[in-house]
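There are 2 protein chains.
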Amino acid sequence: MARLVMKFGGTSVADIERIKNVAQHVKRELEAGYEVAVVVSAMSGVTNQLVGWTRETSALHDAREYDAVVSSGEQVTSGLLAIALQDIGINARSWQGWQIPILTDSAHGAARILEIDGTKLVERLAQGQVAVIAGFQGLAPDGRIATLGRGGSDTSAVAIAAAIGAERCDIYTDVDGVYTTDPRIVPKARRLARIAFEEMLEMASLGAKILQVRSVELAMVHNVRTFVRSSFEDPASIPRNGEPPGTLICDEEEIVEKQTVTGIAYSRDEAQISLRRVADKPGVAAAVFGPLAEAHVNVDMIVQNISEDGSTTDMTFTVPTAEYERARKVLNDSREAIGYEVVQGSTDVAKVSVIGIGMRSHAGVAAEAFRALASKGINIRAITTSEIKISVLIDASYTELAVRTLHSVYGLDKV
Amino acid sequence: MARLVMKFGGTSVADIERIKNVAQHVKRELEAGYEVAVVVSAMSGVTNQLVGWTRETSALHDAREYDAVVSSGEQVTSGLLAIALQDIGINARSWQGWQIPILTDSAHGAARILEIDGTKLVERLAQGQVAVIAGFQGLAPDGRIATLGRGGSDTSAVAIAAAIGAERCDIYTDVDGVYTTDPRIVPKARRLARIAFEEMLEMASLGAKILQVRSVELAMVHNVRTFVRSSFEDPASIPRNGEPPGTLICDEEEIVEKQTVTGIAYSRDEAQISLRRVADKPGVAAAVFGPLAEAHVNVDMIVQNISEDGSTTDMTFTVPTAEYERARKVLNDSREAIGYEVVQGSTDVAKVSVIGIGMRSHAGVAAEAFRALASKGINIRAITTSEIKISVLIDASYTELAVRTLHSVYGLDKV
Numbered sequence: 507m508a509r510l511v512m513k514f515g516g517t518s519v520a521d522i523e524r525i526k527n528v529a530q531h532v533k534r535e536l537e538a539g540y541e542v543a544v545v546v547s548a549m550s551g552v553t554n555q556l557v558g559w560t561r562e563t564s565a566l567h568d569a570r571e572y573d574a575v576v577s578s579g580e581q582v583t584s585g586l587l588a589i590a591l592q593d594i595g596i597n598a599r600s601w602q603g604w605q606i607p608i609l610t611d612s613a614h615g616a617a618r619i620l621e622i623d624g625t626k627l628v629e630r631l632a633q634g635q636v637a638v639i640a641g642f643q644g645l646a647p648d649g650r651i652a653t654l655g656r657g658g659s660d661t662s663a664v665a666i667a668a669a670i671g672a673e674r675c676d677i678y679t680d681v682d683g684v685y686t687t688d689p690r691i692v693p694k695a696r697r698l699a700r701i702a703f704e705e706m707l708e709m710a711s712l713g714a715k716i717l718q719v720r721s722v723e724l725a726m727v728h729n730v731r732t733f734v735r736s737s738f739e740d741p742a743s744i745p746r747n748g749e750p751p752g753t754l755i756c757d758e759e760e761i762v763e764k765q766t767v768t769g770i771a772y773s774r775d776e777a778q779i780s781l782r783r784v785a786d787k788p789g790v791a792a793a794v795f796g797p798l799a800e801a802h803v804n805v806d807m808i809v810q811n812i813s814e815d816g817s818t819t820d821m822t823f824t825v826p827t828a829e830y831e832r833a834r835k836v837l838n839d840s841r842e843a844i845g846y847e848v849v850q851g852s853t854d855v856a857k858v859s860v861i862g863i864g865m866r867s868h869a870g871v872a873a874e875a876f877r878a879l880a881s882k883g884i885n886i887r888a889i890t891t892s893e894i895k896i897s898v899l900i901d902a903s904y905t906e907l908a909v910r911t912l913h914s915v916y917g918l919d920k921v
Numbered sequence: 507m508a509r510l511v512m513k514f515g516g517t518s519v520a521d522i523e524r525i526k527n528v529a530q531h532v533k534r535e536l537e538a539g540y541e542v543a544v545v546v547s548a549m550s551g552v553t554n555q556l557v558g559w560t561r562e563t564s565a566l567h568d569a570r571e572y573d574a575v576v577s578s579g580e581q582v583t584s585g586l587l588a589i590a591l592q593d594i595g596i597n598a599r600s601w602q603g604w605q606i607p608i609l610t611d612s613a614h615g616a617a618r619i620l621e622i623d624g625t626k627l628v629e630r631l632a633q634g635q636v637a638v639i640a641g642f643q644g645l646a647p648d649g650r651i652a653t654l655g656r657g658g659s660d661t662s663a664v665a666i667a668a669a670i671g672a673e674r675c676d677i678y679t680d681v682d683g684v685y686t687t688d689p690r691i692v693p694k695a696r697r698l699a700r701i702a703f704e705e706m707l708e709m710a711s712l713g714a715k716i717l718q719v720r721s722v723e724l725a726m727v728h729n730v731r732t733f734v735r736s737s738f739e740d741p742a743s744i745p746r747n748g749e750p751p752g753t754l755i756c757d758e759e760e761i762v763e764k765q766t767v768t769g770i771a772y773s774r775d776e777a778q779i780s781l782r783r784v785a786d787k788p789g790v791a792a793a794v795f796g797p798l799a800e801a802h803v804n805v806d807m808i809v810q811n812i813s814e815d816g817s818t819t820d821m822t823f824t825v826p827t828a829e830y831e832r833a834r835k836v837l838n839d840s841r842e843a844i845g846y847e848v849v850q851g852s853t854d855v856a857k858v859s860v861i862g863i864g865m866r867s868h869a870g871v872a873a874e875a876f877r878a879l880a881s882k883g884i885n886i887r888a889i890t891t892s893e894i895k896i897s898v899l900i901d902a903s904y905t906e907l908a909v910r911t912l913h914s915v916y917g918l919d920k921v
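Chains as they are written, first to last, in our numbering: chain A, 507 to 921; chain B, 507 to 921.
Where hints are given, some of them may not hold.
Since the list gives no way to pick one copy over another, a pair counts as held whenever it fits inside one copy or between any two copies.
[Unchecked claim] Lysine to aspartate or glutamate pairs mimicking EDC-like chemistry, simulated, CA-CA at most 16 angstroms apart: (1) Lys787 to Asp820; (2) Lys626 to Asp648; (3) Lys526 to Glu562.
Simulated from the structure, these hints should not be mistaken for lab results.
None of the values given here were measured: they were computed from a predicted structure.
With the sequences and hints as input, model every part of the structure.
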């Protein structure tokens with residue numbers, strides 16, 4: 507029988523009534539003939555409270571103890587959902603990360619899943635028992651609980667789906683799918699029926715906060731068909747046959763009608779740093795980015811221009827806003843070693859990206875974007891491109907205008 | 507180096523400030539030269555909320571899932587206290603029941619500890635690491651978490667103390683020791699410096715709610731010296747030398763000055779049932795108490811009188827108030843089989859008990875009690891005695907008067 511993983515986030519299990527609603531969703535899939543494993547997050551707000559307590563106890567807390575405290579949230583939800591399922595006559599049991607076990611590396615607080623032994627789960631599923639799995643956690647090599655970092659339950663769900671060979675991994679969330687862009691900015695944004703793993707990875711990395719980036723990577727590597735859908739629909743109203751509302755993240759092979767551009771993403775969490783008149787000599791890039799890497803500053807877009815006379819260069823790059831001050835300090839401290847004249851920066855910038863696997867086979871997509879932005883008087887500070895995306899750095903105040911312009915120019919507006 | 511177990515209940519770890527106060531208590535004992543294992547309960551109120559959620563989800567919930575949910579409370583406290591200890595420079599780590607492991611039987615929700623492998627704990631303690639252990643829980647044979655039932659953290663503490671060969675098990679609670687009787691009823695009640703295991707067992711069984719009965723049994727079996735003391739004292743004000751305020755529960759060998767009577771206990775949670783004119787024939791007791799046992803009614807005091815003519819008998823016994831209605835129903839259903847004329851009952855009764863190991867060697871203790879109660883016009887409905895206690899069943903309205911009278915007659919009043 508086909509297996510299905512269903513994942514429910516914090517808002518979907520925020521109280522007992524919603525947990526009972528989740529049980530109805532599970533029931534529907536059982537009746538449709540699936541063997542079901544459910545992955546749950548902590549009840550909305552619980553994780554924040556637990557994290558708050560660890561911080562209140564000590565600003566510098568042991569990540570292993572943080573994990574012991576914070577992982578309890580998912581443990582509670584898994585037990586409650588198992589009870590809710592039993593209450594409507596469904597055979598179910600809860601599984602903690604250490605019981606399966608979900609083996610992780612030793613990076614407590616932000617661990618990566620190394621291996622999941624799905625044997626016991628598959629056995630119980632075949633016996634008709636629903637597995638309710640505490641998301642966000644596993645067992646570290648030291649025999650203690652490790653959490654996967656914020657949003658880690660998505661990763662748990664995809665990893666479980668890969669381990670048990672599920673036909674699909676359904677991510678129930680508070681939105682009903684992935685949109686061509688943020689509908690709060692572009693009311694004409696359309697929900698995508700399907701999106702390729704690579705595209706979703708870019709969308710997730712670039713600011714669409716629907717799925718954790720790592721879960722999309724994992725889905726791509728293991729080819730786990732991942733379906734994003736709303737948990738707030740009445741389970742009874744969902745059609746038995748035909749595709750329910752939502753977005754399927756899948757291999758591009760499964761996408762019949764490929765669009766040139768699939769979506770527009772944006773991020774305001776960017777800061778720009780420019781080094782003026784850097785000595786243009788071998789090893790200068792290493793002199794700039796080495797110290798930044800050591801200080802755990804994540805550098806994103808990098809643009810370097812040769813100066814007119816060829817003796818100095820200008821270097822521009824972006825970092826997350828939260829790391830801006832740290833980056834400035836590192837650069838000031840390394841001024842001698844690098845040898846630049848002046849450092850300039852701004853946190854008042856945004857990155858807007860055009861994403862689509864169709865770009866691979868279509869020329870002129872970038873040119874179209876630049877033309878459209880120019881026609882609205884939007885100045886481009888920096889550009890980076892990959893095979894399936896174009897990102898531009900612009901003044902933050904033009905974010906909405908840029909997103910709307912690009913959404914329209916690539917024909918993504920709902921008709 | 508001598509090992510010490512310190513146990514802190516829910517009110518002692520109710521918030522972060524109190525958890526930090528607990529860390530100071532631990533620090534004091536480390537400085538006194540002990541290797542320390544701490545056992546913690548859930549933060550006050552947390553267990554009730556978790557239990558409430560399981561009930562809200564389903565009235566009839568799976569005890570294994572109840573355990574998964576409810577055990578999370580102690581998990582949180584153990585992590586937070588470990589962080590608080592680290593914050594003041596103390597090497598510490600949290601231990602969950604399944605990590606040690608504390609092996610229990612399979613009676614989820616009210617499990618008994620079968621075995622604790624103290625090897626890993628002893629190793630870490632010797633390395634100078636404080637062990638912070640989640641109380642109230644262990645690992646059942648099915649590989650899942652089992653809780654020990656309400657108040658189970660006391661039992662965890664005593665069992666850990668036995669497993670690691672601790673010199674003493676300190677139970678920090680919201681009272682500063684065991685009193686000769688309830689100070690709310692008798693303001694002249696005195697705190698006992700020492701009390702024998704057997705006496706404490708009677709006190710605990712008979713209504714003194716300081717320690718869980720099972721923890722006292724366990725302490726007696728393994729001869730774990732258990733010290734009841736207050737967690738609300740300022741850790742800094744506790745004398746380094748000399749005995750701090752509290753009550754040591756120990757072997758009677760350790761009690762030099764034995765009193766005839768050590769304390770007076772009472773319980774209002776009693777109901778009386780009397781069967782009148784029961785046919786006085788062999789097997790009648792089995793006919794009465796067999797069905798009650800099958801219905802899980804706990805029968806306590808049993809008194810049987812032969813009638814004048816020897817053909818019928820009157821039988822009186824007590825049951826917990828909560829089981830009274832169930833007991834009445836069982837007896838009505840078994841009326842034919844038992845063969846009694848009428849059943850009478852009352853929930854308006856109380857049991858008052860006089861406890862002391864000194865009674866073994868002193869005659870006339872019971873007579874003194876009966877005389878004192880009679881002098882106050884208190885009617886005795888039933889009497890049971892053991893080697894070290896006398897219990898009388900009286901009208902509930904006389905409870906305080908009886909307790910005060912007995913407390914005074916045995917010279918327990920504070921001078």
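- Message: Reference check for the pair Lys526 and Glu562, CA-CA at most 16 angstroms: within, between, both, or neither?
- Response: between (33 angstroms within a copy, 10 angstroms between copies)
- Message: At most 16 angstroms between CA atoms: does that hold for Lys787 and Asp820 within a copy, between copies, both, or neither?
- Response: Answer is within; shortest intra-copy Cα gap is 12 angstroms, inter-copy 109 angstroms.
- Task: Since the copies are identical, ignore which copy is meant and state whether Lys626 and Asp648 lie within 16 angstroms (CA to CA) inside a copy, between copies, both or neither.
- Result: between (22 angstroms within a copy, 13 angstroms between copies)
Every hint, counting from the list given before, is met by this structure.
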